[in-house]
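Participant: Residue numbers (the working numbering), protein chains in the order written: chain A, 110 to 549; chain B, 2 to 312.
Mixed in with the good hints, there may be bad ones.
Stated by the list, open to error - So, partial list: chain B residues that the calculated Cβ filter (under 8 Å) puts toward chain A: (1) 51; (2) 84; (3) 88; (4) 102; (5) 241; (6) 242; (7) 244; (8) 247.
If you're looking for bench data, these hints aren't it; they were derived computationally from the structure.
Note that CB positions come from ideal geometry on N, CA and C, so glycine has one too.
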Amino acid sequence: MSKVGLIIRREYFTRVKKKSFIIMTILGPLLFVGITFLAVFLSQQESGTTQVLVSDPDNHFAVLDSSFLKNTESVKYHREERSFSEKEFNETPYDLMIELLDAEDISNKDIPLVYKESGPSMNVSRKISNDLERAYQDLIMQSNEMTKDDIDRLIAKVNLVENKVFEDVQEVPRIVGAVVGFIFSLIIYMFIFIYGTQIMRSVMEEKSTRIVEVIISSVKPFQLMMGKIIGVAMVALTQVIIWIVFYNVLMLIFSAFFPDIYTGGGQMAMAQDMLEEVNPNQMAEKIYQVLAQINFPFLIGMFLFYFLGGYLLYGSLFAAIGGAVDHDTDSQQFMLPITIPLVFGFILAEMAISNPDGPAVWWASIIPFTSPIVMMVKVGMMGMGFIPIEWGTIALSMFLLVAGFVFTTWMAGKIYRTGILMYGKKVNYKEIWKWLTYKV
Amino acid sequence: MLKAEGIVKRYSGHTALDGVSINVKPQSVFGLLGPNGAGKTSLIRIINQITGPDNGEIFIDGKPLAPYHVERIGYLPEERGLYKKMKVGEQAIYLAQLKGMSSSEAKKKLKMWFDKFDMQDWWNKKIEDLSKGMAQKVQFITTVLHEPKILILDEPFSGFDPVNAKLIREEILRLRDEGATIMLSTHNMGSVEEICDDIALINKAKVVLEGSVNEVKNKFKKNIYRIRFKGEILGFTNALWTNFELVHKEQDKEGFNVTDIKILNDLSLNDLLKTILPHAEIQSVVELIPSMSEIFIEAVGEENIEEEVAA
Numbered sequence: 110m111s112k113v114g115l116i117i118r119r120e121y122f123t124r125v126k127k128k129s130f131i132i133m134t135i136l137g138p139l140l141f142v143g144i145t146f147l148a149v150f151l152s153q154q155e156s157g158t159t160q161v162l163v164s165d166p167d168n169h170f171a172v173l174d175s176s177f178l179k180n181t182e183s184v185k186y187h188r189e190e191r192s193f194s195e196k197e198f199n200e201t202p203y204d205l206m207i208e209l210l211d212a213e214d215i216s217n218k219d220i221p222l223v224y225k226e227s228g229p230s231m232n233v234s235r236k237i238s239n240d241l242e243r244a245y246q247d248l249i250m251q252s253n254e255m256t257k258d259d260i261d262r263l264i265a266k267v268n269l270v271e272n273k274v275f276e277d278v279q280e281v282p283r284i285v286g287a288v289v290g291f292i293f294s295l296i297i298y299m300f301i302f303i304y305g306t307q308i309m310r311s312v313m314e315e316k317s318t319r320i321v322e323v324i325i326s327s328v329k330p331f332q333l334m335m336g337k338i339i340g341v342a343m344v345a346l347t348q349v350i351i352w353i354v355f356y357n358v359l360m361l362i363f364s365a366f367f368p369d370i371y372t373g374g375g376q377m378a379m380a381q382d383m384l385e386e387v388n389p390n391q392m393a394e395k396i397y398q399v400l401a402q403i404n405f406p407f408l409i410g411m412f413l414f415y416f417l418g419g420y421l422l423y424g425s426l427f428a429a430i431g432g433a434v435d436h437d438t439d440s441q442q443f444m445l446p447i448t449i450p451l452v453f454g455f456i457l458a459e460m461a462i463s464n465p466d467g468p469a470v471w472w473a474s475i476i477p478f479t480s481p482i483v484m485m486v487k488v489g490m491m492g493m494g495f496i497p498i499e500w501g502t503i504a505l506s507m508f509l510l511v512a513g514f515v516f517t518t519w520m521a522g523k524i525y526r527t528g529i530l531m532y533g534k535k536v537n538y539k540e541i542w543k544w545l546t547y548k549v
Numbered sequence: 002m003l004k005a006e007g008i009v010k011r012y013s014g015h016t017a018l019d020g021v022s023i024n025v026k027p028q029s030v031f032g033l034l035g036p037n038g039a040g041k042t043s044l045i046r047i048i049n050q051i052t053g054p055d056n057g058e059i060f061i062d063g064k065p066l067a068p069y070h071v072e073r074i075g076y077l078p079e080e081r082g083l084y085k086k087m088k089v090g091e092q093a094i095y096l097a098q099l100k101g102m103s104s105s106e107a108k109k110k111l112k113m114w115f116d117k118f119d120m121q122d123w124w125n126k127k128i129e130d131l132s133k134g135m136a137q138k139v140q141f142i143t144t145v146l147h148e149p150k151i152l153i154l155d156e157p158f159s160g161f162d163p164v165n166a167k168l169i170r171e172e173i174l175r176l177r178d179e180g181a182t183i184m185l186s187t188h189n190m191g192s193v194e195e196i197c198d199d200i201a202l203i204n205k206a207k208v209v210l211e212g213s214v215n216e217v218k219n220k221f222k223k224n225i226y227r228i229r230f231k232g233e234i235l236g237f238t239n240a241l242w243t244n245f246e247l248v249h250k251e252q253d254k255e256g257f258n259v260t261d262i263k264i265l266n267d268l269s270l271n272d273l274l275k276t277i278l279p280h281a282e283i284q285s286v287v288e289l290i291p292s293m294s295e296i297f298i299e300a301v302g303e304e305n306i307e308e309e310v311a312a
């Protein structure tokens, strides 16, 4: 086995055999599944039934059939054809009151909602507003002698504009793609921090135990650094793969036990809140549609590339910091230049969800220090067919990322090999700059 | 065996080595001496290919230093340590593999060493559970396990208690007798006299003194003899006149006079004896040969030593 291979093997196995790794690898997916189910569960579970008093003094809704204000487990409507003062309402047994205004006046859709102790939950208020919207639509329809088809045609017209180019997808808003991409961004962001810090600590440990000089009398410092980075990368990949497999297995098991809660994709359920314009009743159907639409090989391939690219770019910088300092506390000042672009990338990735075509997002998806995080949001949309795959931009971004990590690795190598042999010396940026120019 | 020719190493602030040349003979123990900051570690790191010289060249067996030499060198750095959380056996095998040994071969050799140092039950212990002296023993074994032709030991005795230091000293001499060439740097001048065949003293980036231990000592002896006698001290000192100088005198518990006398003016010991015989009943005459420690201080200069202590 080559010497780098030996180092990779040691770095890999000492980490994988650690209790903390095994615990995190098992707990991680359990935690995710737990959170997913909790989120879905909480979003569906209301604290009992909300009794809604519908005050309809002008008796508008009398002409409509009762299906518009349909009672469910969480919401029960009681229509009264009179108005209530707040004092009067307070004496009724109902939780909330909505006061219907003149139905003809469609420009004013502000409907007063009065509540007693606490306001309605997201789901309740969404259901009420959905119900009212459709009720008003129907009223307007009737008073203008329009048919349901007229309304559908009106809405269809709007959809047509939005989906001129990609007709397949008119049912699902593109934000879903962005959210899928953003989840990948989040994983990359998290792993760069978690495993980057691990590299840094491991370098610092070798330096503080003084074993480093023994080792670099057998291998080149660069080999040691790369062996460490690659070994830790393999640990990270192992963890990600175990998480993905384990998570899906757990989701399958859970969904078998709780078919009501699980509606075809945990992540999608979390995205539900962001999809307010989608009727929750049609959610499951939509989710299947989304899943069918995903270009998995493209998405997974891109994820692995940006995951490794971003990790290698930052990993070598973390290694350089570990090599330069003696103590954990000294590392803080050097962490800043690494943390800032990462956090900046994360903010831009959030921006990219709503505006993937903006110039700031474009630049951030090209520049290697932010591209692994920002590009994944766009890749998510591309992988789901919401925007065309921009091969040119992707190629440029990938090329720059590779160039970027070659550069940071080269630079980190220089800082590292000088730093690891400097004991008990307080370093600053000026000092590190000098190391870059040292000849070996 | 190991030769350095005109090695120069500069760092941005200072010159660590300024044209250093040394020659280590095969199967000998070579002592590299000098105060802290003189450049010893820089030279040792260059020989171990951890850094490269700005100028000059290292030869091993007449061939320029190359990456494959790594497997023939065993290196014990001054700043040394082991992975704290790794088990002793596992760790020693890993380090041996990095030096090019196979895992099974390393295991076999390790068993032998563990038997020898009576530490068989350490195999599955973590380094952090061992005492400092025990860890040092493990470290020494990992240095010599791959049977290097050249052993480079930077301050090998620091951190050892006297018993273990003696053990290591014996091992060094045994390895030499079995064919290894050893270069060590140390502050422990007593051990230099005991085990070194040749030395080089580096001060301020330059070799200021070199040769076999005996040569160096002879070079530094001052023609001073210690004479122990019975007799009248006043008459004795008067007899010395201007040809001899009384450097030191005292009386020991048995009532003998003990005097250190330096012979001047190209005279010999015989001349001294002739001069003092009428005045003294001589008990013993010994030539005072300087210790390595005295030579070190004289060659480097008092002020540098003080600097070192301060640092």
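Participant: Now tell me, hint by hint, if it's right for this structure.
Facilitator: Hint-by-hint comparison with the structure:
| no. | hint | verdict |
| --- | --- | --- |
| 1 | 51 | 6 Å, holds |
| 2 | 84 | 6 Å, holds |
| 3 | 88 | 10 Å, violated |
| 4 | 102 | 11 Å, violated |
| 5 | 241 | 54 Å, violated |
| 6 | 242 | 58 Å, violated |
| 7 | 244 | 55 Å, violated |
| 8 | 247 | 49 Å, violated |
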